[in-house]
Amino acid sequence: MQLQGVGAEASEQSVHDVILEMLDEDAKAIGGVKDAVLDALAAVGDTTDTDTGSQAPTYLSSISVAGFRGIGRQARLELQPAPGLTVVSGRNGSGKSSFSEALELALTGTSYRWRQKSSLWAETWRNLHHSDPCAVRVSFIADGVGPFKIGLDWKPNDELDDRKSWTQGPSTDQRADGTSQLGWARPLELWRPILSYDELGRLIEDTPSALYDALDKLLGLDALSDAEKYLTAQLKATKSARDDADAKRKALLAALAEVDDERARRAEVLLRKRPIPLDAVLALATGTEDAGSQIVPTLRDLAVIEVPDLEAIEGAATRLRAAVQAHHSASTTVADTTRKRLDLLSGAVDFHERFGDTDCPVCGVGRLDAGWASRVRADIASSEEELNQYRAADSELKAARANAVQLLGKLSPVDPVAGVELSSLPVFNEAAAAASKAPKPDSELATHLETSFVIVADAADSLRTQAATALEAKEDTWAPLAGRIGAWVESETRAREIDNTVKVMTAAKKWMTDHGTGFRNLRLEPIAAQARNIWSQLRQESNVDLGSITLEGTATKRHAVLQGLVDGHPTKALSVMSQGELHALALALFLPRATAARSPFRFVVLDDPIQAMDPAKIDGFVQVLTEIARTHQVVVFSHDDRLASVIRETGVDARLIEVVRESESRVTVRNNDDPATRQVSDVFALINDDKLPRETRVRVLPGLFRMALETALREAYFTKQAKNGRSRAESEAGWGATKKTRAKLALWLHDDPGADVGGWLDRKPERRRTLRMCNAAHDGADAEVSDARALERTVKEILAS
Amino acid sequence: MRTDAAELISSAQSVLSSKGTSGLSSRMAAFLARQALEEVVSQRCAKLRASAPRSPMRTKLLVLRALDDPHQADVAAMAWNRLSNACHVHAYEMQPSISEVRHLCSVVDSLLASDARTDAEGGGH
Chain A
1 MQLQGVGAEA SEQSVHDVIL EMLDEDAKAI GGVKDAVLDA LAAVGDTTDT
51 DTGSQAPTYL SSISVAGFRG IGRQARLELQ PAPGLTVVSG RNGSGKSSFS
101 EALELALTGT SYRWRQKSSL WAETWRNLHH SDPCAVRVSF IADGVGPFKI
151 GLDWKPNDEL DDRKSWTQGP STDQRADGTS QLGWARPLEL WRPILSYDEL
201 GRLIEDTPSA LYDALDKLLG LDALSDAEKY LTAQLKATKS ARDDADAKRK
251 ALLAALAEVD DERARRAEVL LRKRPIPLDA VLALATGTED AGSQIVPTLR
301 DLAVIEVPDL EAIEGAATRL RAAVQAHHSA STTVADTTRK RLDLLSGAVD
351 FHERFGDTDC PVCGVGRLDA GWASRVRADI ASSEEELNQY RAADSELKAA
401 RANAVQLLGK LSPVDPVAGV ELSSLPVFNE AAAAASKAPK PDSELATHLE
451 TSFVIVADAA DSLRTQAATA LEAKEDTWAP LAGRIGAWVE SETRAREIDN
501 TVKVMTAAKK WMTDHGTGFR NLRLEPIAAQ ARNIWSQLRQ ESNVDLGSIT
551 LEGTATKRHA VLQGLVDGHP TKALSVMSQG ELHALALALF LPRATAARSP
601 FRFVVLDDPI QAMDPAKIDG FVQVLTEIAR THQVVVFSHD DRLASVIRET
651 GVDARLIEVV RESESRVTVR NNDDPATRQV SDVFALINDD KLPRETRVRV
701 LPGLFRMALE TALREAYFTK QAKNGRSRAE SEAGWGATKK TRAKLALWLH
751 DDPGADVGGW LDRKPERRRT LRMCNAAHDG ADAEVSDARA LERTVKEILA
801 S
Chain B
1 MRTDAAELIS SAQSVLSSKG TSGLSSRMAA FLARQALEEV VSQRCAKLRA
51 SAPRSPMRTK LLVLRALDDP HQADVAAMAW NRLSNACHVH AYEMQPSISE
101 VRHLCSVVDS LLASDARTDA EGGGH
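Note that the protein sequences, when read in sequence, are chains A and B. Here our numbering is used: position 449 in the first sequence is 449, and no number is missing along the way. Here our numbering is used: position 72 in the second sequence is 72, and no number is missing along the way.
Just so you know, these hints were derived from the structure itself, not from any lab. Any given hint could be a false lead.
[Stated by the list, open to error] Partner residues are not named here, just some residues of chain A that face chain B (Cβ under 8 angstroms, in silico):
(1) Val44
(2) Glu199
(3) Ile687
(4) Lys691
(5) Pro693
(6) Gly703
[As the list claims (entries may be wrong)] Now the stretches of chain B that chain A is said to cover, found in silico as 3 or more residues with beta-carbon under 8 angstroms:
(7) 4-10
(8) 50-62
(9) 106-116
All C-beta atoms in this analysis are idealised placements derived from N, C-alpha and C, irrespective of residue type, glycine included.
Model the full assembly from the supplied sequences, consistent with the hints where possible.
Put into structure tokens, the structure is as follows:
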């Protein structure tokens, strides 16, 4: 029946370490996943493992309330700041809940009850009879550090939220504003030490995800959830670039499909390639690369198509006509025979020059001599000039004709442009073809040149205009598309840079989700075992056995699964439980949370936890509380006497306190029963038992005297030590090492088992008498009722010290 | 005398598992178990040479607490209180559950066993 968990939890590794171990073991985890997971953990900070572990275990030593809720004049609830069970009983309306509400308000700044019905409570928080002073003081003792105090004060007309809160101690007597310096915000969230009936019901009856969250919180694995959330957010942010690029590409393809443009077709082809050649796409968009494109360049050419201009044509025609004219006149002046005769005379002069004076070789009559030669040479010279004129006219005619033909030759037909309607294109081609057919005679050629070229120039003009218009139309649809392609290329480039990151992040998130569930349930298991253990004691007559408790699903599908066994048949536990059983189950689940070893709170306050519990379960509940009370200060507020009576009847070691409220909200707190007082009453019972043989009484009584006195001494010693900032472990060691009653007395009085206690003993007559009875085991001395009275007084004095 | 306590507790246990006790088995068993427990406690006191034959049970349990193992004495005290509760009709309380009485029977049984063990260790009387 030992409550496990204290040891098990204390040795728990941090989330970071466990994850690191799991990552190392996981051979399949791809390279970057490990870093991504660790980065996520680092980013969220492993707060549970570092922030909360160092605080000193803290016990409650008193709650003092004035003018608040059901309490009028100041009332004070003194608590033993040590492990143990205290039951504070009081009727409904006695003011006992005002103590727990005051505590909750001082600790958390709110109350679970108020959160549910805020408007109702907001108006009734101040006591009606004595509303001033209105204040709350909660005193604590931090183990090994010393006492400190939280205070709340209201001025007469303050609203609930106008309170001034302060903290005093442990290291200084100065009051500091607020309670934040205690560092309890997170521990309170993780290990709420106050559980009320309302809250217990909520824990179970709320949505499945609420139970998941509550359990998850008690695992202290917020770092894990936070890291998962962080990865999800990071992934979403990172992925948005890729998603953006992909969406742009899709929209772009749709837009391209609607456009009748060769470049659009080409762009479609490129955009469907895997991987997409970004350079080619960009070149297409910017127009720097037109390879493979036909239409646009052709149109561009047509738009600036050149034909010889009319001036040049006219010049050529005029020149040709003039050449023809000049040639004609030259031909008439210089007869052909003249040319032949000159050729013959030139040959005869050559002949004479070579062979000297001789008879004419042609006629054989005349004589070729020097006089003849000189005459002939003069003749030749004058005729040559005429001849040269002719030759020049002839070559000019040839040149003018060639010029004209060349101009005509410049005209070539252009190819039609696929998919582009250009009506002037065939007209141009016809005109060009007509112009090319040059007539032979030179005079006709000049006229042809002039007439046909006017037509060609006209056709070229319209062709240019049409081509330019077509080109412009093309560019108007293309330009925005080109712009979009450019934008897409930019997005795609960005997306590609992080594509690998997305891959890693996706894997990391999956890894976290896969391993997180397992990890959670691994961590949950000791708590589930504790809960099962508590449930096994609480269930008593219930036929529902609690099986495994697991957390399943993620995000909105997260839920807690409580397996149950009804008479051995598996079922979902929650669905088969009664209201009372659900409350018991909630206690079973959340007592482990409140008593977690890492919590700085060594106190657990339960406000009316047993309302719907049947008597058999109360027995089990007392057992559970007794177990927890070994290591924790358990304070139970109860509105009826059932709990107290079970404790009285079964002799459970507990303190019973009664809260009574009289008229005018006067609340009295009475110590009804505590272990030492109970042992004193045992002594009375034994002394009053006249049927008990004397020799038995003589043997038994000293032991009972000693137990009663030592119980009181122990309580007083531990309280004193705690107030002086000594740790409980230290006190226990000191106490354990001291055997004799007198030494224990000295330990309490002077913190030294060897110190002299004579002074204290002599101050009151009953003291020495009591101590003598404690040590009378071998004296054979009998005790009387007066001895019991001495014990009673002594114990009271010690406890009141 | 030992047999008496052992017999009482075993008959208490057989009552618990028997049929036809008209729903009163737990109360009957509690009655038998309480007698067995009182027997064990008396024997224990006698063995400690601190018998108090005519004293009330509270005295005997205190004797055990002072002279014997206090933990065992507490267990016996708790079992006796609860069995006594089960033996009387209380206002607002129903009769004890079978499982509760069964558990108390096992507590008495274990006290009986530890008594026997102490005897064996101490050489017996």
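Given hint Val44/A near chain B, where the shortest CB pair must fall under 8 angstroms = Interface hint status for Val44/A: violated (47 angstroms vs cutoff 8 angstroms).
Outcome, coverage hint (the stretch 4-10 of chain B, chain A; C-beta under 8 angstroms; three residues) | Answer violated; 0 residues pass the 8 angstroms Cβ test.
Within 8 angstroms of chain A's CB atoms, at least three CB atoms from the stretch 50-62 of chain B: coverage verdict = holds (count 9)
Checking C-beta pairs, does the stretch 106-116 of chain B have three or more residues closer than 8 angstroms to chain A?
-> With 0 residues in contact (Cβ-Cβ under 8 angstroms with chain A), the coverage given for the stretch 106-116 of chain B is violated.
Taking the closest Cβ pair, is Lys691/A under 8 angstroms from chain B?
-> Holds. Min distance 4 angstroms.
Closest C-beta approach of Glu199/A to chain B relative to 8 angstroms, hint status = 27 angstroms, violated
Supplied contact hint for Ile687/A, tested at 8 angstroms Cβ to chain B = The hint is violated - Ile687/A has no Cβ within 8 angstroms of chain B, the shortest such distance being about 10 angstroms.
With 8 angstroms as the cut and Cβ atoms as the points, is Pro693/A at the interface with chain B?
-> Constraint on Pro693/A satisfied, holds at 6 angstroms.
Should the hint that Gly703/A touches chain B count as held when the rule is a Cβ pair under 8 angstroms?
-> 3 angstroms, holds
Comparing the model with each earlier hint shows violations of hints 1, 2, 3, 7, 9; every other hint is respected.
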